[in-house]
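Q: Chain by chain, the residues:
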Amino acid sequence: MKPPAFDYLRAGNISEALEGLAQQGSDARVLAGGQSLMAMLNMRLAKPKLLIDIMRIKELRQIERKGDAVVIGAGVRQADLLAWPDLAEALPLVALALPWVGHMQTRSRGTICGSLAHADPSAEMPLALVALGGEVLLRNARRRRRVVAKDFFAGMMLTARADDELIEGISLPVAKVSRFAFREVARRHGDFAIVACAAMRTPAGVRLAVGGVADVPTARDWPRLEGSALDDALNAFAWELGARDDVHASARYRRDLVRMIGRDLIGEVLQ
Amino acid sequence: MLQAVKSANPGHGDEPWVGRSIERVEDAALLSGRGRFIDDLGVPPGTLHAAILRSPHAHADILSIDPEAAKRLPGVAAVLTGSDVKAVTTSLVVGVKAPVECWPIAIDRVRYVGEPVAIIVAADRARAEDAAELINVEYRPRGAVVDPLGALAADAPVLHDGFPGNLASDRSFRYGDPEQAFAEAPYRFSIDIKYPRNSCTPIETYGVVASHDAGEDGYEVLANFQGPFSIHTVIARALKVPGNRLRLRTPPDSGGSFGVKQGVFPYIVLIAAAARITGRPVKWIEDRIEHLAASVSATNRATTLAAAVAADGKILALDWDQVEDCGAHLRAPEPATLYRMHGNLTGAYDISHVKVRNRVVVTNKTPTGLNRGFGGPQVYFALERLVQRIAIGLGLDPLDVIKRNLIGAGAFPYRTATGALLDSGNYQEAVARAVEQGRLAELKAKRDAARAQGRLYGIGFTAVVEPSVSNMGYITTVLTAAERRKAGPKNGAQATATVGLDPVGSVTVHVASVPQGQGHRTVLSQVVADVFGLQPKDIRVNTEIDTAKDAWSIASGNYASRFAAAVAGTAKLAAERVAGRLARIAASQLNVEAADIVFAKGFVASKHNPENRIAFSRVAALSHWSPGSLPDDAGQTIRETLFWTPPELTPPDDEDRINSSLCHGFIFDFCGVEVDRTTLETRIDRYVTMHDCGTILHPGMVNGQIRGGFAQALGAALLEEYAYADDGSFLTGTLADYLLPTTTEVPEPEIFHMETPSPFTPLGAKGVGEGNCMSTPVCLANAVADALGIADITLPLVPARLVELVRGAEPPPPAGGATAAPVREGDRRLRGEGQASVKGAPEQVWAMLLDPATLQSVIPGCQSVDKITDTHFRADVTLGIGPVTGRYRADVELFDLDAPRAVTLRGGATGALGFGSAEGRVTLVPDGNGGTKLTYSYDAAIGGKVASIGGRLLDGATRVIIGQFFTALARKAGGGGAEGGGFSLFALLAKAASLFGGRR
Amino acid sequence: MTRLKADSRHAVRFTLNGTSVEAEAEPRMLLSDFLRHQLGATGTHVGCEHGVCGACTIVVDGMLTRSCLTLAAQVDDCELRTVEGLAPSADRLGVLQQAFRRNHALQCGFCTAGILMSLDHYLARNPNPSEAEIRDLLSGHICRCTGYTPIIKAALEAAAELASSNKETSDA
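Residue numbers (this note's numbering), protein chains in the order written: chain A, 1 to 271; chain B, 1 to 1000; chain C, 1 to 172.
These are calculated hints, taken from the structure and not from any lab test. Heads up, some of the hints might be wrong.
Mimicking DMTMM-like on lysine to aspartate or glutamate, the simulated pairs with C-alpha atoms at most 25 Å apart in a straight line are [claimed, not checked]:
1) C/Lys153 <-> B/Glu748
2) B/Lys86 <-> B/Asp312
3) C/Lys5 <-> A/Asp164
4) A/Lys66 <-> A/Asp27
5) B/Lys314 <-> B/Asp192
6) B/Lys933 <-> B/Asp851
7) A/Lys58 <-> C/Glu79
8) C/Lys5 <-> B/Asp851
9) C/Lys5 <-> A/Asp163
10) A/Lys49 <-> A/Glu226
11) A/Lys49 <-> B/Asp876
12) C/Lys5 <-> A/Asp27
13) B/Lys549 <-> B/Asp40
14) B/Lys444 <-> B/Glu286
15) B/Lys194 <-> B/Asp170
16) A/Lys49 <-> B/Asp124
17) C/Lys153 <-> B/Glu23
18) A/Lys58 <-> C/Asp7
19) A/Lys58 <-> C/Asp76
20) A/Lys49 <-> B/Glu68
21) C/Lys5 <-> A/Asp7
22) B/Lys97 <-> B/Asp147
23) B/Lys86 <-> B/Glu68
24) B/Lys71 <-> C/Asp77
25) B/Lys607 <-> B/Asp538
Can you build the whole structure from these sequences, using the hints too?
A: Here is the structure:
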């Protein structure tokens, strides 16, 4: 279980990283915290010709408040964001979800953007990005672009990032007065979610975002619903997500959790 | 006590060291990074490293293996296939009488996912793995069977020609008069059990370093093997050398085993063969993926157990029907898992009449072997679930039914119906103390209160007998009495211990117990210190084994919980023998009778006149410096090796009664659990476990064994399962899918003890390490059954499996909305259908689909397309999903052509990451506007590496790609023609088949 | 920009338990293998090579790090701490190590190095942890021998002892 051979590029700045991506295209992978990619390399699921280590690029290590948004650079580790003093106030949903990401020993190395790039539909950060309607900041050697969360995730491990693009960071809206709730069910603490739910109050009512069920984290907005109307809406949503069976959970179990946890969280945020 | 020489304890009053929780001598090195595990040790210069190419198929013929590209890779010394290994070895022996072979590497055919197919030997491991990917193996898949009862079906795929069907053994036994007991009993209860597969998965994996001396045709092997050393004979025979030409050594430290490292032995044969063929030392360290897929596991078992029962709950007779699943090969010592408990099929109960049918089957799964509990979990799950069902059926308290059936306190030693001789115990007292000390009444009140609040709270009970120190002859119970007579007697269990005194009089002890963390060195230092009146720090203990130099026998090793009962006792006897001689020497020097000698505080002294004494070291050294000064009758005291085998371990008698183990501890457990109404997770509220393991040598370590066994049992009950799909694909190939308990799942069990010494062992000790692996899974299951009020409990208690039982039918989808695809348990085929509108006419689309040039231009990553015939194509394709990239060879044929209306495609693709096969039907209908309405359906199966280790993620990816493909198709065909691309059914199949993926 | 070619070995230098070390590695060499087989620091063990079991956990620049999910090349110029650096001297154990020995918090000792590194790192920053916090921290490690509860007890004891000795030091 040793990685295949690859070149290793320690990028000193963004343009060096972009140059590497431009040259090598789909044969290059960006190495950030490495908590997903390195395991895939060890198992030889991934076989890039070039690894581009971006963790020495200082400008990617920033967490910045820019007006109504927080911009989190590609080099920001999960533990860095958890330790950011403004987190609970500016990004309360992220503050709720981040402790569920892996374990302390993986959060210390893993990055926020790496988790998004990996696009595991059970992961917490993609769910938070979708729930909050954040944006992914992409850049290649020629241009920058911003992709909204729901367009970024294309499927299991598939994203809108082009082969020559680097995720420079993400932008998340600063919380206004909204109320948030987050809950996750996994086989064990720290495992990928069987179902993870995030709920928030919106001006028009409520938003529920669900991870672990469909191929991509999925958000749904409703006006204020109660009683059987809420039950019906949740039931319809649960079925639409197209849950599947695997070793750890059945589709039915997943739908049940969407219905039950969804109802609990919506109750919490609308209280 | 049997103690021949009295000893006291220097500096600590007269308290013996045995029985105290002293700090472990092992720990300082382990806590400082100075352990010496196999991969921490150096190897000879020039040692090569091996990697193993393994089967992605559960059952297939090997049509060809092309190692040439791999051999050409720089750094590669050799690539060995089954025929190369076969040329220098012979088959491993098989434990039943049948014309069946058992090779450690596939010969012409693979029978489980992970079976070795080739060994690559190279300068380093990474290069060996590089080369493994270049080996081209052509397989022809066969049907697979993974269920033990399914394996017995008339139409089941057959694994070995030498067995009738897949039935490796079928024996029936009868003890007492079970038929009459069942006929006369007022009640009959029966239960059907499917006990799952799991494994204790040590954190250190297997390791082997082997070399071969061609001059003497001798092998030297270092391996973290754990015994039993009866397997040494199996290895030597497979390597075609006498035992004295297989020098097998173990490293000083081993990172856990729990039985599992017995299973390294086929790899010892493989790596030794590789060393012989390459003429160089070869090292192999198993990786975790290999370990999970292909090391060893406990057996899974299908059991039907019936009981004849009186109205008061007294069990009058049992009728066992066990079908044991040993996986693809019957590897030594199997079918031992099935027979280890044969003497104990009545558990802790006094039941006179027993009927047994034992069948052993082979299936397309990894061969089984030793695992903590070894047969106990499978037996007690059936027996103790049945006891609960009897109680419910008769309206009795489950604890009352247990008590009604326990063996009486005055009955020991008690001979069970099936032949075990239970050495000692007082089960009633143990239960009473546990109920009192464990506060059962309080737990019941808690259950009542929780239920009053609508919570799902339950209590479970279990009583089990924990056997230890296996009779090396029990496995011959699988043979008939006539076959046994022919094969010669097998029985006993030789333990060895060597006590040596060096020229300065310091004491060294050696045993062949091969610990993997059980603190043997510490306990032996206590035992021997007590005999010599020294301190544990004065005794140096060595537990490494070297079969060329050390005393050992077939029973050597660390299994069947034999250390405390057999090995520590033998060390005591050896030390006492030396002490007896030292006493005679000292007596002559001190001018007293030998009977007057005591060993205390570092001196050998007169009991009556303690001032008349001589330093221990001085007496101890005398044999070296002045043998002439020894009294004539004393004999040397330089080194004494003692062998001990208990006479109670007799071979099976002509009626198949077998005393399968020497010692029998008793365990009574009860627990309270709560099942969460939303998540259906089982939370253990309190767990009480009462043990009587005879004399306790080191309380801290005994509790350590109990806690460790409890945690592994909790894993088996709630989390762990080696899951296989119906087609034999292995689904839990990483530690992200084979779920081990962590700190957030394991509570502290409340442990209580009672000590009834064993009359059969030198120290009165019995084994204790395996008991909770036997008692805890079923105790938790009984509690969950009580909480949910349900009769059928299957382990592990995956919350999703409880949904229907607890909640009934699901709310239906809204009218006109999505529906759920019907799902069969174990079915992991990917099915789908869809349609697309294409602007080109059907004829145009048809032509594109049959044109290789078009295919090549439109399939992403397509390297080449060869047209074998008009309807048969081959291609090389490189496909990627996110970072996961793989190269595949695809082969597609078209059938049922109905130009230009419809076609069926069938084909497959294989690559290093896995394989797929698919069949699809595509229909083209003119849409009336010059275009085509295309509809498709597909049915694909995907297996191999990715199914085992990446299934969760790649499952969905396959569907996404297929969906994207048709979107692109519609766009491209609409764009008009071949130049910009087109639609290819080939691409569809290549994608569907290659994108490997999901499970179930 | 530094680009290391796949098929050659390149010098890797860092500080290991306070001492400068240097050896060569191909870009693909894992840090766990580099420590063990290039530098002979075999106290860090490898249990799964996919980041789950925690046996290989060390500290890199103050961060808990799975050394099996890290390339040797990534830690060039970094400061590393491993189990070999925990004891105050070769013949003495530190407070945490002693607590492990006292509580039988290890059996085979294979997973122990990683657990010690997590605890050592954590207790230095969180001197008064609750049992729940220790359980949360150690859920990133797998031990198959002990059933965990003696480890948790040892950790809490060590925390208390470290806190009181720190208090004495600061009082003094």
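Q: Does each hint hold? Answer for all of them.
A: Hints, one by one, checked against the model:
Between the alpha carbons of C/Lys153 and B/Glu748 the distance comes to roughly 10 Å, so the proposed pair stays at or under 25 Å and holds. Of the pairs offered as hints, the one joining B/Lys86 and B/Asp312 is violated, with about 61 Å between alpha carbons and a cut-off of 25 Å exceeded. Among the hinted pairs, C/Lys5 with A/Asp164 is consistent with the structure: their alpha-carbon atoms are about 21 Å apart, no more than 25 Å. Restraint check for A/Lys66 and A/Asp27: not satisfied, since their Cα atoms lie roughly 34 Å apart, outside the 25 Å limit.
For the proposed pair B/Lys314 and B/Asp192, the alpha carbon gap of about 21 Å is at most 25 Å, so the pair holds. Distance hint between B/Lys933 and B/Asp851 is fulfilled; the C-alpha atoms sit about 20 Å from each other, no more than 25 Å. The hinted pair formed by A/Lys58 and C/Glu79 meets the criterion: a straight-line CA distance of about 18 Å does not exceed 25 Å. For the suggested pair C/Lys5 and B/Asp851, the alpha carbons sit about 41 Å apart, so the restraint of at most 25 Å is broken.
Distance check on the hinted pair: C/Lys5 and A/Asp163 sit about 21 Å apart at the alpha-carbon level, within 25 Å; holds. Distance check on the hinted pair: A/Lys49 and A/Glu226 sit about 54 Å apart at the alpha-carbon level, beyond 25 Å; violated. Using a Cα cut-off of 25 Å, the hinted pair A/Lys49 and B/Asp876 holds, with the two alpha carbons roughly 19 Å apart. Restraint check for C/Lys5 and A/Asp27: the C-alpha separation of about 15 Å stays at or below 25 Å, so the hint holds.
Between B/Lys549 and B/Asp40 the CA atoms are separated by roughly 23 Å; this keeps the pair inside 25 Å, and the hint holds. Among the hinted pairs, B/Lys444 with B/Glu286 is inconsistent with the structure: their alpha-carbon atoms are about 48 Å apart, more than 25 Å. About 19 Å separates the Cα atoms of B/Lys194 and B/Asp170, which keeps this hinted pair within 25 Å; it holds. Taken as a hint, the A/Lys49 and B/Asp124 pair is honoured in the structure, with Cα atoms around 20 Å apart against an allowance of 25 Å.
At roughly 16 Å between alpha-carbon atoms, C/Lys153 and B/Glu23 fall within 25 Å of each other, so this suggested pair holds. For a cut-off of 25 Å, the pair hint linking A/Lys58 to C/Asp7 is broken: about 29 Å separates their Cα positions. A C-alpha spacing of about 16 Å is found between A/Lys58 and C/Asp76, which places the hinted pair at or below 25 Å, so the restraint holds. Of the pairs offered as hints, the one joining A/Lys49 and B/Glu68 holds, with about 24 Å between alpha carbons and a cut-off of 25 Å not exceeded.
For the hint linking C/Lys5 to A/Asp7, the alpha-carbon distance of about 5 Å falls within 25 Å, and the restraint holds. For the hint pairing B/Lys97 with B/Asp147, the CA-to-CA distance comes to about 23 Å; that is within 25 Å, so the pair holds. Proposed proximity of B/Lys86 and B/Glu68 is supported: the alpha carbons are some 20 Å apart, at most 25 Å. Restraint check for B/Lys71 and C/Asp77: not satisfied, since their Cα atoms lie roughly 38 Å apart, outside the 25 Å limit.
Restraint check: the Cα-Cα separation between B/Lys607 and B/Asp538 comes to about 22 Å, which is no more than 25 Å; the hinted pair holds.
The structure does not agree with the numbered hints 2, 4, 8, 10, 14, 18, 24 stated previously, though it agrees with the rest.
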